[in-house]
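Trainee: Sequence:
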Amino acid sequence: MTLLPVEKILYSTKALGLILLLLTISIAYIVYDFTQTSIMYGTIVAAILLGYIAYYSRVHHSPKEVLAVTTLTTISIIVGLIIGIALNGYKSFAAALYASTLSISILILLYLISRLYR
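The numbering of the sequence shown is my numbering, which starts it at 120 and goes up by one.
Note that these hints are calculated values from the structure, not bench results. Just so it is clear, CB atoms sit at the ideal spot from N, CA and C, and this is done for glycine as well. Worth double-checking, as some hints may not be accurate.
As the list claims (entries may be wrong) - Computed spacing ranges between beta-carbons, pair by pair:
{"hint": "1", "residue 1": "Ser219", "residue 2": "Leu191", "range": "18 to 26 Å"}
{"hint": "2", "residue 1": "Glu126", "residue 2": "Lys210", "range": "40 to 48 Å"}
{"hint": "3", "residue 1": "Lys183", "residue 2": "Lys210", "range": "36 to 44 Å"}
{"hint": "4", "residue 1": "Ser131", "residue 2": "Leu216", "range": "33 to 41 Å"}
{"hint": "5", "residue 1": "Tyr230", "residue 2": "Leu137", "range": "23 to 31 Å"}
{"hint": "6", "residue 1": "Tyr160", "residue 2": "Leu216", "range": "19 to 27 Å"}
{"hint": "7", "residue 1": "Ile227", "residue 2": "Ala187", "range": "32 to 40 Å"}
{"hint": "8", "residue 1": "Ser233", "residue 2": "Gly208", "range": "29 to 37 Å"}
{"hint": "9", "residue 1": "Tyr174", "residue 2": "Val198", "range": "19 to 27 Å"}
With these hints in hand, go ahead and build the complete structure from the sequences.
Mentor: Okay, structure coming up:
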């Protein structure tokens with residue numbers, strides 16, 4: 120199976136790195152601003168980026184690679200949460216609660232996925 124030039128770009132690790140960077144920035148923006156508008160648009164952007172990561176993981180069938188992408192995604196989201204809280208300066212208790220809840224749920228999800236691919 121030959122890949123088209125667009126598919127070569129989409130399946131490259133550089134594109135995945137860019138998507139993870141955009142995901143980190145999007146999550147940091149959501150936590151930093153934490154208004155209804157930023158949550159709404161930031162969640163849409165994050166869902167699109169996570170959809171691409173899920174498609175990337177589906178194409179690569181190696182369990183180790185899927186686990187690596189999931190781990191990098193988790194680290195990217197948690198770094199975005201930390202950056203958003205650091206820039207916000209703990210001014211918003213709701214943003215801190217959102218960040219801690221999201222971090223805990225993502226870590227539990229990562230633990231369950233790692234148990235699945237043993």
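Trainee: All the hints need checking, so say for each whether the structure fits it.
Mentor: Evaluation of the provided hints:
| no. | hint | verdict |
| --- | --- | --- |
| 1 | Ser219 / Leu191: 18 to 26 Å | holds (21 Å) |
| 2 | Glu126 / Lys210: 40 to 48 Å | holds (44 Å) |
| 3 | Lys183 / Lys210: 36 to 44 Å | holds (41 Å) |
| 4 | Ser131 / Leu216: 33 to 41 Å | holds (37 Å) |
| 5 | Tyr230 / Leu137: 23 to 31 Å | holds (27 Å) |
| 6 | Tyr160 / Leu216: 19 to 27 Å | holds (21 Å) |
| 7 | Ile227 / Ala187: 32 to 40 Å | violated (19 Å) |
| 8 | Ser233 / Gly208: 29 to 37 Å | holds (34 Å) |
| 9 | Tyr174 / Val198: 19 to 27 Å | holds (22 Å) |
Hint 7 from the list above is the single one not met by this structure.
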